[in-house]
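Colleague: What follows is the residue order along each chain.
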Amino acid sequence: MSKDGKTPMLDDLEKGAWPSFVKEIKKAAVKSNTAKDLLNILERSYRDKVTHWKHGGIVGVLGYGGGVIGRYCDLPEEYPGVAHFHTVRINQPAGNYYTSNALRELMDIWDKYGSGLTNMHGSTGDLVLLGTQTDKLEAIFAETTAKGWDLGGSGSCLRTPSCCVGNSRCEFSNIDSMEICDTLTHKFQDELHRPAFPYKFKIKVSGCANDCTAAIARADMSIIGTWRDDIRIDQAEVKNCSKDMDIKTEVCDMCPTHCMSWDGSTLKINNKDCTRCMHCINRMPKALRPGKEKGATIMLGGKAPIVTGALMSWVIVPFMKLEKPFDNIEDLIRKLWEWWDEHGKNRERIGELVDRMGMRSMLESTGLPPVPQMVKAPRSNPYVFWSPEDVK
Amino acid sequence: MSKDGKTPMLDDLEKGAWPSFVKEIKKAAVKSNTAKDLLNILERSYRDKVTHWKHGGIVGVLGYGGGVIGRYCDLPEEYPGVAHFHTVRINQPAGNYYTSNALRELMDIWDKYGSGLTNMHGSTGDLVLLGTQTDKLEAIFAETTAKGWDLGGSGSCLRTPSCCVGNSRCEFSNIDSMEICDTLTHKFQDELHRPAFPYKFKIKVSGCANDCTAAIARADMSIIGTWRDDIRIDQAEVKNCSKDMDIKTEVCDMCPTHCMSWDGSTLKINNKDCTRCMHCINRMPKALRPGKEKGATIMLGGKAPIVTGALMSWVIVPFMKLEKPFDNIEDLIRKLWEWWDEHGKNRERIGELVDRMGMRSMLESTGLPPVPQMVKAPRSNPYVFWSPEDVK
Amino acid sequence: MADKPKRITDIGAPHFSKFLPPVIAKNYGKWKYHEVIDKGTMKHVSETGDELYTVRIATPRLVSTDYVREMCAYADKFSGGHLRWTTRHNVEFFPAKDQVEPLKTALKKDGHLVGGIGYGISNVVHTQGWIHCHTPATDASGVVKAVMDELHEYFTTKTLPARVRIALACCLNMCGAVHCSDIAILGIHRKPPKVNEATIANQCEIPTTIASCPTGAIAPNPAAKSVKIKEERCMYCGNCYTMCPSLPLADAHGDGISIYVGGKVSNARGVPRMSKLAIPFLPNNPPRWPEVVQAVKHIVEVYAKDARKHERMGEWIERIGWERFFKLTGIPFTYQHIDDFTFARDTFRMTPTFKWE
Amino acid sequence: MADKPKRITDIGAPHFSKFLPPVIAKNYGKWKYHEVIDKGTMKHVSETGDELYTVRIATPRLVSTDYVREMCAYADKFSGGHLRWTTRHNVEFFPAKDQVEPLKTALKKDGHLVGGIGYGISNVVHTQGWIHCHTPATDASGVVKAVMDELHEYFTTKTLPARVRIALACCLNMCGAVHCSDIAILGIHRKPPKVNEATIANQCEIPTTIASCPTGAIAPNPAAKSVKIKEERCMYCGNCYTMCPSLPLADAHGDGISIYVGGKVSNARGVPRMSKLAIPFLPNNPPRWPEVVQAVKHIVEVYAKDARKHERMGEWIERIGWERFFKLTGIPFTYQHIDDFTFARDTFRMTPTFKWE
Ligand code: SRM
Ligand code: SRM
Ligand code: SRM
Ligand code: SRM
Ligand code: SF4
Ligand code: SF4
Ligand code: SF4
Ligand code: SF4
Ligand code: SF4
Ligand code: SF4
Ligand code: SF4
Ligand code: SF4
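Protein chains in written order, with the working numbering: chain D, 6 to 397; chain S, 6 to 397; chain P, 77 to 433; chain L, 77 to 433.
It should be emphasised that the hints constitute simulated quantities derived from the structure, not laboratory data.
Hints may be right or wrong, so weigh each one.
Claimed, not checked - Here are the computed lysine-lysine pairs in the DSSO-like style, where the Cα-Cα straight-line distance is at most 27 Å:
1) D/Lys350 / P/Lys82
2) L/Lys180 / S/Lys32
3) S/Lys32 / S/Lys59
Quick caveat: nothing in here was measured; it's all calculated off a predicted structure.
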């Protein structure tokens with residue numbers, strides 16, 4: 006805090022067209038000392054060019070191992086309002102749909118116990134309530150659960166699963182991404198709330214290869230909708246599209262497998278070669294639709310770079326039908342966790358474990374058969390391991 | 006040897022259309038007991054399905070550290086003719102051109118002292134004389150040097166450089182690959198004959214990106230001819246070509262940069278985008294020729310997989326004019342060796358050293374500037390090292 | 077807590093069906109196609125013939141409870157009490173056809189930015205920064221605000237050859253998952269951790285701390301019951317600090333921002349790819365980070381001018397080549413651009429085929 | 077050595093100018109274009125108008141001095157005493173125009189194979205095998221002979237969509253530099269080294285031996301002044317054996333051949349690429365290795381049928397996808413195909429876009 010409580014740098018960020026988070030903090034600061042001191046300590050960071058938050062201690066609610074991130078500032082005397090500044094992760098509903106009533110109930114609770122600030126949403130997907138004190142956690146938990154909400158994940162556990170809008174609004178969807186997300190969330194309550202894994206595990210579900218949840222980049226388990234049969238074509242609508250669009254240049258030439266052709270009146274797709282990348286369907290949603298035999302490609306391992314380099318998820322099951330009650334995917338996930346529990350080191354994500362041990366161990370223990378779709382290309386090095394059985 | 010001196014398995018390999026090495030061993034065996042026992046011990050290997058050669062000891066000629074590969078069989082009592090079976094590597098002339106007289110002189114020496122068998126050529130490029138005894142090495146050396154020949158490399162030294170036919174016969178050549186190969190061979194006689202490096206170092210020179218010496222895969226230093234200006238086009242000849250060939254499909258559509266177009270009468274090349282891959286020139290050698298501003302791309306690091314995985318050479322100098330007396334490339338190679346000598350571990354190829362230490366150290370010590378042509382793409386991981394100077 | 081209610085646990089999130097607008101509940105899984113009406117509005121049409129209108133606005137993500145109430149008020153008035161957030165932190169309303177324009181007018185009047193749909197720049201996925209985290213090398217919300225103040229027209233009106241996804245992460249942990257973004261704004265440290273001798277013996281388990289360093293840069297210092305940092309080995313990843321609070325990396329001068337470009341996650345046309353280093357370092361210059369803003373804007377503009385329609389940033393760069401990307405943007409190529417991490421060899425140009433510039 | 081001549085050293089190879097045919101010496105650097113006349117003959121034309129004819133034949137590489145003399149005789153009779161070897165171990169003659177046909181007739185009459193030019197299969201680059209090396213997992217010359225007896229028509233008459241370069245290396249050292257070949261025939265061990273307790277103490281330096289193992293599979297066994305092999309860690313690379321003769325890997329049952337495909341070194345159309353595993357193991361079955369011969373032939377035939385003109389094997393496979401390669405060839409996909417070495421992650425399919433088969 007500048008001595009006079011002024012925040013000139015932050016004030017500057019109230020200007021401009023983009024919505025201002027500073028305005029939001031100021032709104033909250035009207036009612037909350039925590040929010041007020043957040044503003045002050047943030048101004049201090051803007052001057053010092055370093056953070057003023059210390060490592061969080063372990064705080065939480067009874068019987069849960071996660072869901073709350075402890076946070077303390079390093080200048081509690083100067084900024085007593087943020088001496089504690091914990092966040093509470095509320096598990097968002099699949100697809101992030103809300104009613105105004107439900108949201109208002111949550112906001113009321115937060116005004117009562119917290120800073121009045123929130124992230125809609127956290128980058129994993131939670132509804133993040135920012136800034137409260139340790140002694141308020143149980144009350145917050147009690148009141149939110151009473152309204153039907155529960156905590157999301159943090160620590161070495163299943164993190165809050167998330168998904169795209171899928172069937173609820175998107176015509177491209179090949180799986181019921183929201184139902185899958187909700188079902189898995191409920192099947193895995195224990196894994197979500199009581200950290201027992203080597204490290205965090207994230208699940209994201211996208212209804213098609215557009216991957217609107219960025220699952221491939223951000224989830225240990227990425228479930229991506231796809232189809233097995235032919236793209237459905239409405240040739241009349243293709244013709245319609247051709248009025249506004251150069252189908253050859255914008256669609257056929259950009260098809261990665263070059264399996265399309267357009268002669269001005271008929272669009273042909275060699276579906277055997279199509280890899281379901283979605284480009285043509287994206288360009289002509291009225292004319293083209295995914296096939297009817299729908300399911301998902303199951304991919305494993307996506308994560309950020311700490312510390313062996315980022316990974317994107319890769320194919321472990323090319324095609325899986327996903328229908329209620331989704332026992333097949335539950336089963337696979339449990340098997341993967343078992344394997345990971347057995348072999349993973351502390352703070353080793355499942356993708357890193359596969360990278361360290363090789364895919365074979367994971368495949369053998371989950372019973373998945375090796376298929377070429379798992380790899381871009383077979384190995385080029387000659388360092389093949391043979392088990393004694395292989396050599397008879 | 007089967008007790009009766011019969012070699013039924015090998016005899017089978019005298020049949021068939023492809024030239025037979027067994028016939029060759031038999032021809033030599035007429036005059037040489039060494040060749041005869043080679044046949045016998047080889048038949049034994051065909052039965053046993055294992056080699057019968059032991060680790061070679063260090064053998065060689067006075068003042069040289071390489072050029073001879075020691076070899077002993079593991080059953081000297083049974084196969085005394087090959088108790089010793091050393092090979093002598095003779096440095097081939099650049100481009101592998103010979104006169105019959107010169108070859109006959111060499112063959113006469115070899116009939117006198119060796120098995121009468123040879124590899125034309127070894128996989129590095131040497132003319133390999135196969136199978137002699139330790140006590141004959143000095144005499145072989147004396148007689149071959151007297152005829153103007155010298156030994157090639159082996160061990161931790163510069164290996165015999167090699168090159169493509171280049172200017173001698175190939176219209177695609179952008180550098181005088183044979184003269185470069187010969188000059189470097191002579192400049193580096195000491196490095197070739199007296200192992201003082203951390204490990205082997207190979208140089209191969211190809212006159213263009215077709216890389217007919219497979220330099221990129223097989224040489225620590227791969228020198229590849231290229232040009233800086235525009236491809237020369239003879240439009241009349243292009244038209245001629247179009248009679249036998251579908252220029253659009255076979256040339257333009259296969260150009261990796263899609264920088265060509267053919268309208269049935271004129272071939273256009275957007276040379277700014279051309280990466281000089283050679284495909285179009287290969288297809289129409291009468292119509293297209295490399296530009297006139299010629300030189301080489303200098304690439305570093307190619308090698309087989311032992312033990313960190315195979316490497317292909319990568320760009321360290323996008324363009325270097327290479328003209329007699331080739332001091333610029335000599336100078337660069339010496340600087341690279343100095344850096345490698347300083348930092349390389351025992352049996353660490355220079356490519357592996359760059360891989361271990363990063364390119365920066367090599368570039369700084371050779372004075373080469375970093376340029377985007379050195380990489381397929383910049384790093385994607387965030388693990389950037391900063392020297393204290395970088396951070397001021 | 078006198079009248080403590082019965083403890084409820086493990087109920088998970090409420091089922092989404094509670095929150096769906098009726099038209100969605102009715103047409104769930106039956107959508108046939110959609111049309112983008114303008115940058116802030118689209119229409120989805122169902123096999124039943126029903127239509128769903130969506131209006132989208134930008135949010136700062138870090139919002140007050142009053143902001144959420146304000147959104148609820150729009151929802152009540154124009155959207156049957158229903159609203160949602162997108163995976164990139166925008167808010168969406170579902171007005172009936174005749175409510176689309178009134179809603180947009182109201183939103184704009186209140187200063188909200190309607191947009192984010194189709195080929196432009198949507199909201200910036202980002203992280204906590206100086207608002208809530210202990211490891212940041214820069215702020216998050218402030219940088220996003222500064223960048224988007226400059227680029228907001230790409231949200232509301234201007235189009236680009238394809239989607240440009242910008243993300244920010246305030247440290248290498250990359251909570252913003254920036255590693256597959258068209259433009260990634262990444263906070264970086266450039267100085268090794270400073271050992272806090274006073275606290276380390278109490279705060280940290282020395283062997284775990286040493287083991288946490290991927291480069292082996294931490295050596296024991298048993299005399300002081302502490303550790304020593306081999307500074308030349310440190311790559312400032314911060315993993316040690318995550319394990320041991322007595323090894324802070326934050327430094328006003330050392331910290332700053334690097335820009336990575338060309339990543340994506342969608343599989344349309346080409347496979348997902350990681351973002352690659354474009355600018356190794358720009359200083360932290362609050363409150364408006366002008367160097368960062370200019371750099372991002374410049375890259376967007378060069379891309380807008382040179383790329384073909386439907387070509388994401390990374391697709392464009394791959395077509396023209398990195399040598400030309402550096403040429404066109406005028407960004408200098410430095411030692412830092414050349415990978416020297418574990419998998420560096422895969423990034424070396426193992427062919428003499430390249431462009432001169 | 078009574079009359080020992082004065083010792084000459086470091087003279088290097090003779091300068092090639094001594095060996096060039098006059099037409100080459102005259103037109104050195106002046107060649108303008110070439111024409112392929114048939115699979116064994118080509119003509120180069122100089123800017124001066126001079127013409128050079130080249131006739132090529134296959135050799136077994138391992139030849140007798142008499143074979144070389146036979147070549148010299150052809151050279152003397154038809155080629156002005158000049159000849160050369162190619163980088164793939166073929167012999168080339170340079171007859172005057174009117175000597176081309178007589179030379180070819182003579183060569184064919186003597187059983188030589190004229191060919192190897194253009195789109196087909198040229199000579200097989202290979203190594204020593206059981207002829208001269210201590211580390212092979214298979215023979216070299218014998219396998220090559222067996223394979224080429226079956227495929228020789230691709231050398232002499234039959235064409236293929238593009239060049240198919242076959243190479244063989246008898247162990248992972250890959251002296252045949254097979255790692256960038258259209259088809260690589262690679263000898264492999266599949267059993268860990270057997271420690272020769274009797275000799276190791278004398279023959280090997282234990283610490284160097286232990287250090288030579290890239291996977292840390294060698295542990296000290298101080299009691300026996302020897303080492304122990306942690307068998308499950310061994311990847312049979314043979315590096316230990318190179319350092320220590322008391323650790324042989326050769327084993328009649330364990331050794332055999334693996335087939336890698338799709339590599340190339342030329343930069344034409346696309347960058348050089350490494351060969352990838354197609355068949356993990358085929359047994360050593362001398363003298364004719366029928367399983368290997370059939371496998372190579374089958375791959376060539378499937379390629380010949382399915383690839384487009386000018387498409388090298390690797391380019392073809394990349395276009396159709398590895399899933400289709402395995403489908404078309406009927407080769408089973410196994411655990412061994414999935415990389416698990418240091419850079420394995422780069423080979424994982426990080427996209428749901430693939431073909432069903
Ligand atoms: C709050 C949130 C950022 C945000 O502003 O939205 C966040 C905040 C933190 N993340 Fe994260 N991560 C958040 C989403 C992510 C994501 C994105 C995602 O889940 O889609 C990633 C990348 C994907 C991934 O998991 O790899 C992510 C990758 C990390 C990592 C690197 C993990 C790795 O294996 O590479 C760390 C460091 C670690 O785990 O040691 C980390 C660690 C942290 C910690 C706990 C800091 C630490 O080192 O202990 C941060 C606490 C900040 C705070 O005080 O609030 N966070 N973190 C996100 C969670 C909100 C939510 O629940 O919705
Ligand atoms: C004779 C020759 C094979 C042939 O039949 O042509 C050969 C033979 C041997 N090579 Fe080689 N290499 C031969 C060309 C190559 C090539 C090809 C090339 O040079 O273009 C390579 C791949 C390129 C490279 O250098 O990486 C090659 C890569 C190796 C390696 C693996 C090196 C690596 O770093 O990966 C070894 C093992 C080693 O060095 O420890 C090796 C080791 C050997 C040894 C010395 C065996 C050993 O482990 O000690 C072999 C001796 C066999 C013998 O008794 O004759 N040889 N070696 C070639 C040399 C003839 C010549 O001088 O012309
Ligand atoms: C609402 C949302 C899903 C959700 O559950 O919240 C969504 C919704 C739609 N996406 Fe998406 N995408 C959403 C995040 C994403 C993401 C994830 C991200 O940005 O973090 C991606 C991957 C981005 C990437 O590759 O880096 C994504 C890649 C796509 C693509 C592929 C773009 C491409 O060509 O690479 C399409 C198809 C297209 O644009 O033609 C698409 C198309 C669509 C369509 C048209 C699908 C449909 O028929 O409804 C939806 C409206 C698009 C629009 O906003 O223009 N959506 N979409 C997300 C809106 C985020 C936002 O507020 O801006
Ligand atoms: C004679 C030789 C050079 C030498 O110094 O000995 C040579 C000579 C020629 N090469 Fe080559 N290449 C020779 C080995 C190579 C190699 C190296 C190898 O095979 O180990 C390569 C790289 C192979 C690879 O990529 O794996 C090679 C890749 C090419 C190419 C590119 C082929 C492609 O499309 O990928 C061409 C151009 C073409 O074929 O259109 C070419 C073209 C040529 C031309 C047409 C060049 C010319 O104008 O003279 C020559 C006659 C070609 C022919 O044989 O059909 N040469 N050429 C080598 C003959 C080897 C043999 O006996 O078969
Ligand atoms: S991932 Fe596919 S199904 Fe899901 S919202 Fe995006 S486009 Fe629709
Ligand atoms: S989905 Fe992709 S691969 Fe399939 S036809 Fe359409 S553009 Fe081509
Ligand atoms: S590398 Fe180029 S210049 Fe040399 S022989 Fe081959 S095609 Fe000719
Ligand atoms: S050399 Fe290659 S890149 Fe250049 S124009 Fe010809 S085919 Fe295209
Ligand atoms: S990216 Fe780093 S600094 Fe930012 S919230 Fe995540 S862990 Fe904290
Ligand atoms: S910042 Fe990373 S590299 Fe540096 S000492 Fe800490 S853990 Fe090691
Ligand atoms: S490949 Fe292996 S076995 Fe064959 S010659 Fe080379 S080192 Fe010897
Ligand atoms: S063969 Fe290779 S992996 Fe096996 S013990 Fe020897 S050095 Fe180690």
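Colleague: Taken at face value, is the distance from the CA of S/Lys59 to the CA of S/Lys32 at most 27 Å?
Modeller: 26 Å, holds
Colleague: Run the distance test for D/Lys350 versus P/Lys82: straight-line Cα separation, threshold 27 Å.
Modeller: Roughly 38 Å separates the two Cα atoms, so the pair is violated.
Colleague: Does L/Lys180 pair with S/Lys32 here, judged by a C-alpha cut-off of 27 Å?
Modeller: 24 Å, holds
Violation of the numbered hints given earlier is confined to hint 1; every other hint is satisfied by the structure.
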